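J.: Chains as they are written, first to last, in the numbering used here: chain A, 1 to 338; chain B, 339 to 732.
Note that these hints are calculated values from the structure, not bench results. Remember, predicted model here, so these are calculated numbers, not experimental data. All C-beta atoms in this analysis are idealised placements derived from N, C-alpha and C, irrespective of residue type, glycine included. Certain hints may be false.
[What the hints assert, rightly or not] Calculated pairs, BS3-like style, for lysine-lysine (alpha carbon to alpha carbon, straight line, at most 30 Å): (1) 272(A) / 297(A); (2) 297(A) / 264(A); (3) 297(A) / 186(A); (4) 647(B) / 131(A); (5) 170(A) / 586(B); (6) 635(B) / 647(B); (7) 312(A) / 30(A); (8) 635(B) / 186(A); (9) 647(B) / 186(A); (10) 163(A) / 557(B); (11) 670(B) / 170(A); (12) 221(A) / 170(A); (13) 139(A) / 726(B); (14) 635(B) / 185(A); (15) 317(A) / 221(A).
[What the hints assert, rightly or not] Here are the in silico distance ranges between beta carbons for each label pair: (16) 436(B) / 214(A): 34 to 42 Å; (17) 468(B) / 142(A): 31 to 39 Å; (18) 139(A) / 492(B): 21 to 29 Å; (19) 49(A) / 456(B): 29 to 37 Å; (20) 139(A) / 526(B): 43 to 51 Å.
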Amino acid sequence: MKVTKLALLLGLTAAVPTLSHAGTLEDVIKEDVLKCGVSTGIPGFSAADSNGEWKGLDVDFCKSVASAVLGDASKVKYFPLTAKERFTALQSGEVDVLARATTWTATRDASLGLNFAGVNYYDGQGFLVSKSLGVSSAKELDGATFCIQAGTTTELNLTDYFKANGMEYKAVTYDTSGQTIDGFKKGRCDAVTSDRSQLAGLRIKLDDPTSAILLPETISKEPLGPVVRQGDDAWFNVIRWTMFATIEAEELGVSSTNVDEMLKSSANPGVKRLLGSSGKTGEDLGLKNDWAYQIVKQVGNYAESYDLNVGKDSPIKIDRSLNKLWNDGGIMYPMPIR
Amino acid sequence: MTDKQLPVDGKGLLNNPQHRAIFFQVLALALVVFFAFYFANNMFENIESRGITTGFSFLDNTAGFGISQTLIPYDDGTSTFMDVFIVGLLNTILVSVLGIIFASIIGLLLGVARLSSNFLVSKLALVYIETFRNIPILLQILFWYNVVLAALPGPRQSFAYLDSVFLNNRGLLLPEPIFQSGSSAVVIAFVLAVAAVIYLTRWSRKRHDDTGEEFPIFKVSLAILILAPTLVYFIVGQPITAIYPELKGFNFRGGLTIIPELLALLFALSIYTATYIAEAVRAGIEAVPKGQKEAAKSLGLKDYVILTKVVLPQALRVIIPPVINQFLNLTKNSSLATAIGYPELVTLFSGTTLNQVGQAIEIILMTMAVYLTISILISLLLNWVNAKMAIKGR
Chain A
1 MKVTKLALLL GLTAAVPTLS HAGTLEDVIK EDVLKCGVST GIPGFSAADS NGEWKGLDVD
61 FCKSVASAVL GDASKVKYFP LTAKERFTAL QSGEVDVLAR ATTWTATRDA SLGLNFAGVN
121 YYDGQGFLVS KSLGVSSAKE LDGATFCIQA GTTTELNLTD YFKANGMEYK AVTYDTSGQT
181 IDGFKKGRCD AVTSDRSQLA GLRIKLDDPT SAILLPETIS KEPLGPVVRQ GDDAWFNVIR
241 WTMFATIEAE ELGVSSTNVD EMLKSSANPG VKRLLGSSGK TGEDLGLKND WAYQIVKQVG
301 NYAESYDLNV GKDSPIKIDR SLNKLWNDGG IMYPMPIR
Chain B
339 MTDKQLPVDG KGLLNNPQHR AIFFQVLALA LVVFFAFYFA NNMFENIESR GITTGFSFLD
399 NTAGFGISQT LIPYDDGTST FMDVFIVGLL NTILVSVLGI IFASIIGLLL GVARLSSNFL
459 VSKLALVYIE TFRNIPILLQ ILFWYNVVLA ALPGPRQSFA YLDSVFLNNR GLLLPEPIFQ
519 SGSSAVVIAF VLAVAAVIYL TRWSRKRHDD TGEEFPIFKV SLAILILAPT LVYFIVGQPI
579 TAIYPELKGF NFRGGLTIIP ELLALLFALS IYTATYIAEA VRAGIEAVPK GQKEAAKSLG
639 LKDYVILTKV VLPQALRVII PPVINQFLNL TKNSSLATAI GYPELVTLFS GTTLNQVGQA
699 IEIILMTMAV YLTISILISL LLNWVNAKMA IKGR
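Only chain A is shown next, with the shape it has when bound in the complex:
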């Protein structure tokens, strides 16, 4: 009798459906808020300012997605994540999208159950050293000690680079990028290594930013982009095309200041398609037809976002170089919206 009961219980287990989740897009619309995974503080990409407001290129991306999906750039809940927390947070559904200066690699794409939706910043790894060290090239760093952030591609590239050049190094691995620059300030290490954009941001955190220099070498490719869970194609499309829309807007010369005027008077069919006055790209994506209009109106195009956060109007002032548009000598190439 007990045996049959046990069997019944086990049979029940098999019959109980596993916790299934609806599409992320529906979830976000239902909850009326976008849960966006950002960094714990990378200046220019995602960092809270003195008023506690999140600012940065990645933060703008979160806002763009919220504008496109919910029609309101302020409907974002930010989840600050360290490098080692980020993938688990996304896998477990704690965040809907990860916009956290994350490098796109084959291992991450293939084994983590995640998909990279594209690249919103082309970066590379560099070195930040103290001027007093008297070093002008990374090749002179034999035997140096480095402060690095745990669980990043940076750790792996550093090993590769020093192996390839037959040099030795020591690594001190910290949890956050803030700790790495702290360690550097206190002299625990000779140099900090990370993505060049992050180093530029960390450098201005030094008491005297001119006391440290970025070495000229770029030792790796670091394509940074937003990440979503695998197997949710509708949401993946929304994220990918939100990114393209901001770049396409720049290419078409649509900005937050002239978007209303463009919507009314532009005769350019590309602009009309982007802003939703012709075609129905928005509906096909499962959004409203004015999705891209909302992005540009509330957040701005890629150039505006870049200049404000990392470019010429920001304290970091990173040259756009690779991140220029394809027709301007860069490799930012939005797929056509039509």
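Model the placement of chain B on the given structure of chain A, informed by the hints.
T.: Chain B only, in chain A's frame:
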């Protein structure tokens, strides 16, 4: 109001209290198994549906990142994640064992000092205990790390001792011993010396029991332990040499380095845990009836002999169980090292490795299993000590 008795030999299965007890136990067990099975099943199905790699095969993959302190040979180009696991495990064990030793010594001294009849000594011990016991351990770790880094100079301005020991903000650098052929003779000499000392101790104790004569056992033992290996060392022709740390470029090369993270962590853990051990020691000593001390005193024994031969052996029975807990706490607290980047198990394995591989469940399970195993082993060991210490019926 019925006054019916329970049917002891009831007919129904549920009417018999014994059967009923078994039935409910089986039911409870079945429920537990059911929920465990349900959640595990659910988890694996979700993982699979999200396309996340599972299994332990990642342990054979090349890790490819550098580690600042490795007790086994580790090459950042070829070593695997399994090696990373072992490196982290050994670093955890290293800091725990050292921490337990230092915390026990400091704790014992403090506990005794706390009971001292000297006002200054006992109040100083009290202040020490109350201060460090009431500050969270994480803050203390960060504090000592900042103190260590702030107090020490850069490599080029190191504090040096005899040009062979250096102290700077990259750590404490010591000469590294190199064992050449013939050095085994020195090791054998040392082992023999230890054996001789053990034999000598037993002999002197027996002689003391039989005749009451004292023998200067400490001085003689020390002489044997130092002289025998040294003598052999010179006879065989100085087979053990050392590599001295040398300033080359930015940093010192060669020699042994004790990294500042280890120093800071060890400081914080020992100082913090010692306060709890001190209180356990004090409680244990106070638990020994006053009459014992008075009886010993009336026999004319010296204070030191009273403490070591009369009070402490009885106090240990009270001291050991709470101290076991503190040893376990120290081991588990060592995982807070992740705040200052000491490469122990949590930092390396459930930190860096987890992020490189992304298999949270396997990695966290392995990490938890390690702490569980270490804790159980420490408990078993100290339970055994406790049993040895217990009063034996004669």
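J.: Which of the numbered hints above does this structure break?
T.: 3, 4, 7, 8, 9, 10, 13, 14, 17, 19
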